[in-house]
Amino acid sequence: MPSTKEIRGKIKSVQNTSKITKAMEMVAASKMRKAQDRMFAVRPYGEKIRAICAHLAKANSEYKHPFLTQQDNAKTVGLIMVTTDKGLAGPLNTNIQRLVLQNIKEWDAQGLKVEATAIGNKGFGFLQRLNVPVVSRAVQIGDRPQLEKLLGAINAQIDAYLAGKVDRVYLAYSRFVNAMKQEPVVEQILPLSADALGGSEEQSAEKSHSWDYLYEPDAHTVIEEVLKRYVEGLIYQAVAENMASEQSARMVAMKAASDNAKKLINELQLVYNKTRQAGITKEITEIVGGAAAVS
Numbered sequence: 042m043p044s045t046k047e048i049r050g051k052i053k054s055v056q057n058t059s060k061i062t063k064a065m066e067m068v069a070a071s072k073m074r075k076a077q078d079r080m081f082a083v084r085p086y087g088e089k090i091r092a093i094c095a096h097l098a099k100a101n102s103e104y105k106h107p108f109l110t111q112q113d114n115a116k117t118v119g120l121i122m123v124t125t126d127k128g129l130a131g132p133l134n135t136n137i138q139r140l141v142l143q144n145i146k147e148w149d150a151q152g153l154k155v156e157a158t159a160i161g162n163k164g165f166g167f168l169q170r171l172n173v174p175v176v177s178r179a180v181q182i183g184d185r186p187q188l189e190k191l192l193g194a195i196n197a198q199i200d201a202y203l204a205g206k207v208d209r210v211y212l213a214y215s216r217f218v219n220a221m222k223q224e225p226v227v228e229q230i231l232p233l234s235a236d237a238l239g240g241s242e243e244q245s246a247e248k249s250h251s252w253d254y255l256y257e258p259d260a261h262t263v264i265e266e267v268l269k270r271y272v273e274g275l276i277y278q279a280v281a282e283n284m285a286s287e288q289s290a291r292m293v294a295m296k297a298a299s300d301n302a303k304k305l306i307n308e309l310q311l312v313y314n315k316t317r318q319a320g321i322t323k324e325i326t327e328i329v330g331g332a333a334a335v336s
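Take the position in the sequence shown, starting the count at 1, then add 41; the result is the number in my numbering.
FYI, nobody ran anything at the bench for these hints, they're computed from the structure.
Remember, it's a predicted structure, so these values are computed and weren't measured experimentally.
All C-beta atoms in this analysis are idealised placements derived from N, C-alpha and C, irrespective of residue type, glycine included.
You may find that some hints are simply not true.
Computed spacing ranges between beta-carbons, pair by pair [stated by the list, open to error]:
| no. | residue 1 | residue 2 | range |
| --- | --- | --- | --- |
| 1 | 316 | 183 | 45 to 55 Å |
| 2 | 205 | 61 | 50 to 60 Å |
| 3 | 324 | 61 | 16 to 26 Å |
| 4 | 129 | 334 | 52 to 62 Å |
| 5 | 192 | 153 | 19 to 29 Å |
| 6 | 172 | 43 | 20 to 30 Å |
| 7 | 68 | 115 | 27 to 37 Å |
| 8 | 224 | 259 | 39 to 49 Å |
Simulated pairs of lysine-lysine, PhoX-like, Cα-Cα distance not exceeding 20 Å [to be verified]:
| no. | residue 1 | residue 2 |
| --- | --- | --- |
| 9 | 190 | 116 |
| 10 | 304 | 63 |
| 11 | 127 | 296 |
| 12 | 222 | 75 |
| 13 | 127 | 75 |
| 14 | 296 | 63 |
| 15 | 127 | 190 |
| 16 | 127 | 63 |
| 17 | 304 | 72 |
| 18 | 89 | 116 |
| 19 | 99 | 269 |
| 20 | 315 | 60 |
| 21 | 303 | 53 |
| 22 | 304 | 51 |
| 23 | 127 | 72 |
| 24 | 269 | 206 |
| 25 | 296 | 60 |
| 26 | 72 | 269 |
Given these sequences and hints, build the entire structure.
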């Protein structure tokens, strides 16, 4: 049985850890609110530009953009994987890694090569362990997503698709559902499918309408710019969703750690009291026995 001094040391250590996890829980709760506000602010932009792209796809234009052209015989797929830079976020990174690993195995079974882009340190390390070629990466992007920091990594995949080096591009991230639930998602972003451009119910009700536009300066320039902004917006929204998911998962994980620390402290306190009482009883027994022997 450990001594009372050792148990006191363990209790003190757990108490110090509990203070850290409680502080991290409070910080994550504060950051989660800000991350949610940014995420909700991005969603209307994504819905509106999706509606515009859906209209452009249905419009009778003399120019058909490569983003809207389906590839029948795909040989290489691009993967943009969004994860966190830091750990202590519960099962958030593990869930998206498990889903990505499942998709990579399916692509390998189909004879498809994978070229990846990592956004976040955890995803970069995961792809390296799998020996997946990483053509670009963006790490240490902070708590506030900035498109300027992401453009280099994003454009590497877009340029590869336009050059014909990649036939499809997929985006993997953790979608924010609520503070207690984050859903791992792998979705195709290039070429743009009809489902991706479906939009909301209001936009779906307009499918019977015929859309056409007067382009200035020309269809080629306008469609190319709008569709590229749409793809960039999709990835930016995914990063914003992943950041909100990260702070929510971290808050829940740190709360669970703090609760477990309290339980452990109570258990150690009980063991300490029992050990201390056993020590006192032993000392009393020795005194009584010694007094009896003397008398």
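Worksheet item: Which of the listed hints are broken here?
Response: 3, 6, 7, 9, 17, 18, 20 and 26
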